[in-house]
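Q: Below, each chain spelled out in residue letters.
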Amino acid sequence: MKREIINIEKLTREFTMGTQTVHALRGISFVINEGEFVTIMGSSGSGKSTLLNILGCLDKPTSGSYSIDGVRVKDLSRNQLATIRNEKIGFIFQSYNLLARTSAIENVELPLLYNSKVTSEERKERAIKALRMVGLGERLNHTPSQLSGGQQQRVAIARSLVNDPVMVLADEATGNLDTRTSYEIMSLFQELNERGITIAFVTHEPDIANFSNRTIVLQDGNIKKDHINTDIQSAVKELNLLPVEDQ
Amino acid sequence: MRVLNLIKIAFNAIVLNKVRTLLTMLGIIIGVASVIAMLAIGEGSKESIRSTISSMGSNMITVRPGADTRGGVRQDASAMQSLTLEDYKAVKNQSTLLSYSTPLVNGGGQVISGSNNWPSTIYGVNPEYLNIKVVGLSSGSMFTEAEVQSAAKVVLLGQTVVENIFPNGEDPVGQLIRFNSIPFKVIGVLEEKGENTFGQDQDDMVIAPFTTVQKRILAIDYINQIMASATSEEVAPDAVLEVTEILREQHNLLDYEDDDFHVRSMEELISTFSSTSEMLTILLVAVAGISLLIGGIGIMNIMYVSVKERTKEIGLRMAVGGKGADILLQFLIEAIMISITGGLLGVLLGLGSTVFIENYLHWPTSVAMYSIIVSFAVCAITGIFFGWYPARKAAALDPITALRYE
Ligand SMILES: Nc1ncnc2c1ncn2[C@@H]1O[C@H](COP(=O)(O)OP(=O)(O)OP(=O)(O)O)[C@@H](O)[C@H]1O
Ligand SMILES: [Mg+2]
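Note that the protein sequences, when read in sequence, are chains A and B.
Here the first sequence stands for residues 5 to 251, where the numbers follow the working numbering.
Here the second sequence stands for residues 352 to 757, where the numbers follow the working numbering.
The set of hints was computed from the structure by calculation and includes no laboratory data.
Among the clues, some could well be false.
[Unchecked claim] Covered stretches of chain A, going by a simulated chain B footprint (3 or more residues, C-beta under 8 Å):
id: 1; region: 88 to 98
id: 2; region: 152 to 159
[Unchecked claim] What follows is a list of derived Cβ distance ranges for each label pair:
id: 3; chain 1: B; residue 1: A728; chain 2: A; residue 2: V35; range: 55 to 65 Å
id: 4; chain 1: B; residue 1: L695; chain 2: A; residue 2: L80; range: 37 to 47 Å
id: 5; chain 1: B; residue 1: L702; chain 2: A; residue 2: E125; range: 48 to 58 Å
id: 6; chain 1: B; residue 1: V656; chain 2: A; residue 2: K64; range: 28 to 38 Å
id: 7; chain 1: A; residue 1: E195; chain 2: B; residue 2: N652; range: 26 to 36 Å
id: 8; chain 1: A; residue 1: N145; chain 2: B; residue 2: L634; range: 27 to 37 Å
Ideal Cβ positions, reconstructed from N, Cα and C, are used throughout, including at glycine.
Please construct the entire structure, taking both the sequences and the accompanying hints into account.
A: Have a look at this one:
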């Protein structure tokens with residue numbers, strides 16, 4: 005049997021605002037196995053980000069259970085959650101969330117700073133390796149303001165990979181990017197997935213979902229559809245099919 | 352290892368906000384610098400008072416008529432005439448702890464030589480005066496006991512008087528001068544002593560046998576003071592008691608009656624003046640301490656702003672695995688680094704201004720090691736104290752709430 009990376013059961017999340025209660029998630033169950041590339045879709049407000057934040061141990065569910073890599077999250081303390089985030093999860097935000105006025109390499113090093121097992125030389129080495137992997141080997145000392153949106157997102161991806169996570173969670177990682185750059189990023193994700201990293205990817209765009217092998221569609225806090233994609237597109241190929249813009 | 356990383360993070364944050372950090376530090380810098388400079392001034396003046404007074408003869412004892420006036424009680428004039436030559440003789444003959452003693456009478460007047468004249472004070476004493484005051488002669492000789500007996504018209508001059516009535520540099524010894532129209536022969540010149548801490552010129556004086564001054568100048572039969580020196584500095588307090596006993600008996604005072612004179616040793620004088628300067632020091636340090644406190648509040652303020660401003664950053668750090676303790680330490684280290692750097696700069700500025708005060712304002716200063724250590728420690732504590740609360744706040748944040756903070 006395959007290793008279960010994510011296992012959620014009857015997960016709910018409610019937000020209380022004064023007298024009003026918003027049911028962002030209304031009882032969701034699914035399992036994601038090692039090596040899967042799952043896209044999570046749904047209209048705005050359907051609960052995608054809420055779900056992803058819980059999967060990333062940034063937020064806690066109101067009820068239901070969640071196990072990550074066999075560990076029940078409910079039983080963990082704040083510090084243990086921090087360690088899980090540090091060692092098992094790579095999180096990519098829609099708004100990149102890079103530290104301003106801080107070089108790419110230092111941004112990527114960040115998660116390793118909180119891991120006392122990593123020495124400073126190793127930290128630097130791994131950060132450079134991760135930046136090379138996302139094609140930014142030449143931009144190590146650039147600060148976010150000196151990088152394009154796509155490049156900033158690559159830095160964020162490098163940061164999510166630097167700790168060798170068992171899974172990468174991305175919340176609309178291509179939301180702010182043009183088609184070409186999104187495809188470039190997607191080919192990067194496909195490459196990572198081929199190396200065995202489990203990926204959960206929130207997106208709005210159906211063509212992006214075509215690059216994954218499974219799609220979960222949310223609607224109003226419930227799962228509307230959960231299907232395996234039999235016709236996976238290669239992002240590299242699609243990239244080559246795009247009309248070449250004036251160069 | 353982890354702490355080292357946090358120091359690095361905190362250091363980067365400080366470097367990224369250079370100007371703001373410097374402005375924050377300013378309060379601490381000024382606070383520490385003023386504590387050090389104020390204490391240096393206080394210590395310096397205390398030391399210089401002590402050294403001046405002890406250069407005046409540290410085992411000196413003085414007896415003045417009238418009750419102790421340190422409380423500020425007024426006395427009627429007759430009380431000031433209660434000391435007599437008989438009292439002096441009694442003290443001289445009965446005391447066992449005194450090595451030298453002299454009666455002293457003094458009065459102001461004009462010193463005149465040819466067309467030059469100078470207002471000064473004449474002190475009538477006996478030859479032991481020089482031993483009590485620890486002064487030597489730069490030329491000539493002291494008058495003798497025989498000259499005291501005969502009320503000889505001889506004087507010794509202080510340097511200031513010499514300079515003013517013999518402006519052409521001629522040797523005063525052997526010359527005739529007049530003090531208030533009475534002619535005197537100059538038989539010696541006193542060694543230069545300079546100004547004392549209170550700005551008094553110790554060379555502006557004329558010395559003559561007390562009999563001469565009593566009879567020929569002041570026309571009085573009482574004396575103004577008895578001056579003596581104890582056999583050693585250690586017995587000075589005992590000598591004070593002894594002299595008091597002798598004089599009480601001499602004045603036939605009953606047990607319930609207060610002294611109609613007061614006896615003081617230099618040690619007491621030192622403590623009187625030191626306590627004044629000590630109070631001043633405390634006041635100065637209090638002011639400086641307040642500025643240090645304000646500096647601390649400045650740090651707290653800036654740490655609050657820093658935490659607010661960097662809420663998203665805190666969220667991110669937590670999202671990639673930063674624990675509450677990491678965040679707490681990061682901000683605490685930042686606060687401590689600001690306050691310690693500020694403290695260091697403050698120490699430098701304080702030492703610098705002390706040197707300036709010494710060299711350009713010519714105030715005596717003395718930097719006490721403890722003032723540096725104390726203000727530095729206060730700085731570090733200020734950093735911890737005022738950095739703690741904002742840092743706690745940052746550490747208690749929820750990762751998702753912090754990330755969503757706008
Ligand atoms: N912190 C919060 N407080 C109150 N309500 C919240 C909070 N976070 C999310 N919600 C609500 O939960 C619901 C789901 O929000 P969520 O952000 O998960 O949607 P989404 O699917 O990510 O939408 P989008 O595609 O626009 O990003 C929304 O109705 C939202 O208003
Ligand atoms: Mg969202």
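Q: All the hints need checking, so say for each whether the structure fits it.
A: The hints, checked one at a time:
Counting residues of the region 88 to 98 of chain A whose C-beta sits closer than 8 Å to any C-beta of chain B gives 5, which meets the bar of three, so the coverage hint holds. For the region 152 to 159 of chain A, the assignment as covered by chain B is violated, since 0 residues bring a beta-carbon within under 8 Å of that chain's beta-carbons and 3 are needed. A hinted range of 55 to 65 Å for the beta carbons of A728(B) and V35(A) is consistent with their spacing of about 59 Å. In this structure, L695(B) and L80(A) meet the distance hint of 37 to 47 Å, their C-beta atoms being roughly 43 Å apart.
For the pair L702(B) and E125(A), the supplied restraint of 48 to 58 Å is violated, since their beta-carbon distance comes to about 40 Å. With their beta carbons about 30 Å apart, V656(B) and K64(A) fall inside the hinted range of 28 to 38 Å. Taking 26 to 36 Å as the suggested C-beta distance range, the pair E195(A) and N652(B) does not conform, at roughly 49 Å. For N145(A) paired with L634(B), a C-beta distance near 54 Å fails the hint of 27 to 37 Å.
Violated hints, in rising order: 2, 5, 7, 8; the structure is consistent with all others.
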